[in-house]
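Visitor: Below, each chain spelled out in residue letters.
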Amino acid sequence: MLTEVENTYMKLIAAMSGGVDSAVAAARASEAGHQVIGVHLALSKNPKKYRSGARGCCTIEDSHDARRAADVIGIPFYIWDMSDEFHENVVENFLSEYAAGNTPNPCLRCNEKIKFAAVLDRAKAMGFDGVVTGHYAQTKDVDGQRLLYRAIDSGKDQSYVLAVLNQEQLNGAHFPLGDTTKDNIRLEAKSRGLSVALKPDSHDICFVPSGDNAGWLRERLGSQVGDIVDEDGNKLGEHNGAYTFTIGQRRGLALSIPEKSGEPRYVLKVEPVNNRVIVGVKADLAIHEVSGLSPIWCGPRPSGENSGFIQVRAHGSAHSCKYFLDESGPLPELKAIVDQPIYGLATGQAMVIYDGDRVVGSATISGTK
Amino acid sequence: MPQVYFDHASTTPISSVALESFIEQSKLVGNPSSLHSYGRLARKKVEESRESLANLIGCHSSEIIFTSSGTEANNLAIKGILWHRKREDPKRKLILISSFEHHAVLDPSLWLAESGQAEILMIDVNQDGYIDLEQMETVIKERHEEIALISVMHSNNEVGTIQPIKEISKLAETYKIPLHSDAVQSLGKVNLSFKELGLFAMTVSAHKVGGPVGVAALVLKKGVDITPLIHGGGQERDIRSGTINAAAIASFVSATSSAMRDMESNYQKIFALRAKLIATIQGQVSDVRLNSPLEGEILPGIANIEFPSTESDSMLLLFDAEGIACSTGSACSAGVQEASHVLLAMGRSQTQARSSLRFSLGISNTESEIEYLGACIRRVIDRARDAYRG
Chain S
1 MLTEVENTYM KLIAAMSGGV DSAVAAARAS EAGHQVIGVH LALSKNPKKY
51 RSGARGCCTI EDSHDARRAA DVIGIPFYIW DMSDEFHENV VENFLSEYAA
101 GNTPNPCLRC NEKIKFAAVL DRAKAMGFDG VVTGHYAQTK DVDGQRLLYR
151 AIDSGKDQSY VLAVLNQEQL NGAHFPLGDT TKDNIRLEAK SRGLSVALKP
201 DSHDICFVPS GDNAGWLRER LGSQVGDIVD EDGNKLGEHN GAYTFTIGQR
251 RGLALSIPEK SGEPRYVLKV EPVNNRVIVG VKADLAIHEV SGLSPIWCGP
301 RPSGENSGFI QVRAHGSAHS CKYFLDESGP LPELKAIVDQ PIYGLATGQA
351 MVIYDGDRVV GSATISGTK
Chain G
1001 MPQVYFDHAS TTPISSVALE SFIEQSKLVG NPSSLHSYGR LARKKVEESR
1051 ESLANLIGCH SSEIIFTSSG TEANNLAIKG ILWHRKREDP KRKLILISSF
1101 EHHAVLDPSL WLAESGQAEI LMIDVNQDGY IDLEQMETVI KERHEEIALI
1151 SVMHSNNEVG TIQPIKEISK LAETYKIPLH SDAVQSLGKV NLSFKELGLF
1201 AMTVSAHKVG GPVGVAALVL KKGVDITPLI HGGGQERDIR SGTINAAAIA
1251 SFVSATSSAM RDMESNYQKI FALRAKLIAT IQGQVSDVRL NSPLEGEILP
1301 GIANIEFPST ESDSMLLLFD AEGIACSTGS ACSAGVQEAS HVLLAMGRSQ
1351 TQARSSLRFS LGISNTESEI EYLGACIRRV IDRARDAYRG
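In order, the protein sequences belong to chains S and G. FYI, in my numbering the residues of the first sequence are 1 to 369. FYI, in my numbering the residues of the second sequence are 1001 to 1390.
Simulated from the structure, these hints should not be mistaken for lab results. Keep in mind that the hints are not guaranteed to be accurate.
[To be verified] Distance windows between CB atoms, simulated:
id : chain 1 : residue 1 : chain 2 : residue 2 : range
1  : G       : GLN1350   : S       : ALA283    : 56 to 62 Å
2  : S       : GLY33     : G       : GLU1196   : 56 to 62 Å
3  : S       : LYS190    : G       : ALA1275   : 52 to 58 Å
4  : G       : GLN1350   : S       : LYS182    : 49 to 55 Å
5  : S       : HIS87     : G       : SER1309   : 19 to 25 Å
6  : G       : HIS1231   : S       : VAL225    : 55 to 61 Å
Note that the coordinates shown come from a computational prediction; the quantities given were computed from them, not determined experimentally. Note that CB positions come from ideal geometry on N, CA and C, so glycine has one too.
Chain G on its own, in the form it takes in the complex (with noise of 0.2 Å):
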């Protein structure tokens, strides 16, 4: 039976270029933060690979800070700003971010609001999946004085639409306040430049561009302090401790610079396949109902879709005894499906939301893979209706 992977956007495979880069670094011994000289050829590689990353991203190589996780990035600009935005001036409490973020950005914040540290306030995405800019403004013209950052993704990662962060940036910036944008599903599939972005603050990581799990960064304005979360060494600038992970940072940047350097081929390939399966699923299922935009602003690899009348853990399931891999919303911390936080966010009921699929396509996906989706999905949507529950 074929193994087909379309689950791209939950982890994508390791590229040969930071496996190789990986496994050459791991075989030295030295700390980074080592005076001797195996600590100096560690920093060498570490301080080179901050370097390129900061010429692929568009910031300044003393403006990022690696992390173990985007989720880590994440927790850190969002509280770090937060803290440190408070403690210049208290009135600032308000956490400004779109209703359909990542948990790694949503989770942090409703943890500071039920802690009574902060009052977050969500703006609205419309049914495409793009934020509110009006009531974006609106909010900011209101309350600038008490917000203490914003934060809105660069690309929504359940349905793939590309946030106008341009924009916002614009309108933080005239009340100077912090943007900061989680980018981590946008790196390495569209530009991506921190500086012309204008931002604050912005999250990008490893395993989603074909680097290994474990590490990311936190792209941080130069000059600008928040306040740490991690504290015992201070090897990040004083603002991230820990050792720092130099073989998984060489990999990083090789797979991010790979990457980068193919990115039109690669969009262009990964979109047209995108459009197949859109295809492929309508002419097999002819009432699916699309969640992700067909064209415009948006990843090249992902396919959010409803299947009326199923519920996505049969399919899931179903799909899988396939040997093909796709994904829905999120599991609680037992391991049950909920409805999407992001399509309830644009406007789809819980029964839309709970029969909804993400496929998100990689650059090893072929057409091959997607003409065997379209032998199977009959045999699975009908299965998956017979066992509806309604």
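So here's chain S without its partners, still in its complex pose (with noise of 0.2 Å):
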């Protein structure tokens, strides 16, 4: 926690998205004594083409909620021009990891890439010391090391989507709110004064404006008809365009032919190249060994093999399993045996591994058996 960790006062950029989270670990940061300034990222070239609501984190309302913050805590704000960065970094990524077949997190690929990459970097150059944000999760200085934890929150814990920070990014993240309910932060900010303390909770994919993720990736990547089939390669229906499935995919499949044995079918495979949609029934889709490429440690590099747990979504569960880092190929690959299967797990994916509720590290899904 930044009061506990830090026992010298710092200069400190408050990345504030307009919503009630980060405008209360500004107001955190600032009440320890540290030299807040908050930052708002413009994400969006034409803020006004992403959400017309004020619920995701590009509009013009969230700007105003950010800047009223921020006076209201007695900051200075400043909005920064993160456009460039996000559209190549997130958006361009999104759409070819889709392209590709795979499933990419983009929420994930932001913190690494831009929250604490581009605007930490930026922050570090104009002689700030690091980054705060409104996450879910707390860091601990053990040893001369960060790590990173879950919070205590079970329901809000974002500690999933920061296991991409290495050490030096961790070093500069600060996440006042790990240590507190995301009710008990909603009142904090009421009685700070924080209008914001009861504005809705921002979710799906802050650029699509929608919340139609299939709709927006047909119209990026176009339209094409292709057909679904069985393990067997037996036709059973047809798509428009394979990106738009994700494996362990129930809904939206659409299929006349019903499954012999009356069970439910689940996309099993996404074949970008032939445009094929691979289904079967759930049984097909157990996993019992993951693996991942780009490993990154979040505190000791682990060795040999660990118990521990691994968990493949955001807010999904965290199964219990066997980790090493398996270097004899030219990659090296984290792999886990988990001790029950796992249904529906696709390639892109983040796989973070725990011990407990530390975060040991992460890796990009690559393989699966």
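Bring the two chains, given one by one in their own frames, into a single complex with the hints.
Guide: In structure tokens, the structure reads:
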């Protein structure tokens, strides 16, 4: 936590989305005596083009809410134009990953490339010590190393989307909300006179205005009719673009030929090259081993085989597993062997390994068995 | 930490006489449009103020229409003149403006063009920030029958250059085309006479001259007619409606009177400070480039300077952290800094425009404040350069 870890006052940039969490985070940092400057990130070249309501993180309303919160807290406030960086690293990546048949997580990518890279780098260059955000996660300094932990509010814990931060990024990251529940943050916002106290949480993907991800992808990647087939290659139906499907998906298949057993069908595999979607029953989705590339360690690099937990979705369950780093191939791979099968896992998602509540590290899922 | 205000062109502190005048008038009750004694007293103050202002800016008191802002006055001029002239002759739908007008002229003109009510033609400005008179003359000669109005600012708010309004007015007069000039930045700083300039309409505003925010005026040539923007009482000669703001008007005129009385000495003092500011900055950061001319036909206090390999929003934040207030071109409605259209019009690149800052000085600034800037600037620019994203 900000006040516990730091003995000296720091100069910090508070990333303020216009929501309640980042407003309280900035207020807490300022109240702790740090010199805080609020910054709202403009992530769209034309903010009106993103969300029209005040629920995402890209609207004029949101930048006004952030400015008002900064005024109430009594800190300077600026808007930083990060739209080029965001488009290149998050939006383009989102599109290319889907086009390649993967399922990327743009929030994770935004943390890795924007908030704790482009913003942190700019802040440091300008003489600041780090970046404060309203993420629900905790850090602790142990033996001179900063470690990342889950928030105490398990329903709001965001350590999964922060598990892409390396040591240097973690050293510059400050999460003042990790020791408090969301309900109490709202109460605190109210008592601080912040008008965003009751503002609804942001949800979905901030750069998809309608919330219709498949439609948004179709608009940009084109719509091409392809086959939906079973594992033996028998055609069961058609679709309008393989990339709009994700492994484990059940809804939206619209198949007229029922499965022999009467069980529901799920997407087992997406083949963007031949525009094919392969479906099957739930048992065929069972995964026992997960491999990931480009591992990032949020603490000490593990050695040998360890017991821990794997999480594969932002608010998914943690599954007990054995994990180890396999360096036998051309690229090091983080591998996890789960005690109980996981269902519906897509490549491109992040696998995050936990040791209890501590984040060990993460990797991008490249294969499953 | 010292607090230094180098943003007088945005708004300048209210002068003591203007504040006194505002408070004094605010203590009185009475709507200037009321017929009873309270109203008459308020009306008397307003009309005395109108007459004083008319004397100060070389027009007849009946030519002054008080508005709530310079932006409103500019909108009234652009839209009101266009609509009226079009009604007289539907061919007249061309608005001629300079390419570096303030948004208060640019945006209503663009809106009229986008909504199909007008055609807009922008006359180039040169790299020093002066309008291309030859191009203006050519366009007027070729298309005078279509021109509804011409609007060229008296002085530019970002670089401080004073435009050759008298020459433009002669060209306009030849073809009887109405000429409007936004003189918001010039009032109280340089000679300004509505009559001598031969204008059809002129905008002036209180808060740039030491008066309160929320009051301005459109000076409109006697005997001419334009279409109102705001209806509902016709308090200002049926051209502008709304309760007349007696306290703000009295304060506006007190401020203008004070500024014009001391204009010569203020000009000398502020111009000398500007020269010191430029020399100080050049002394600390050797590769800066001036966007404003060093001397000539310029306002005394505006210095627009490019700091290569920086971004203006970084510099603003860092200067602000040192207690120094300056400014950059403009920001969109979401607050994102944009490259100044003024600098782009003057031929600067996007990169150059995004690396530029405006320092605007006023009578309250001192030499020691410039020395303080000199002590901070190297640190600010070094950090801004470290943060530069290219």
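Visitor: Enumerate the violated hints, using their earlier numbering and listing them in ascending order.
Guide: Structure breaks hint 4 only.
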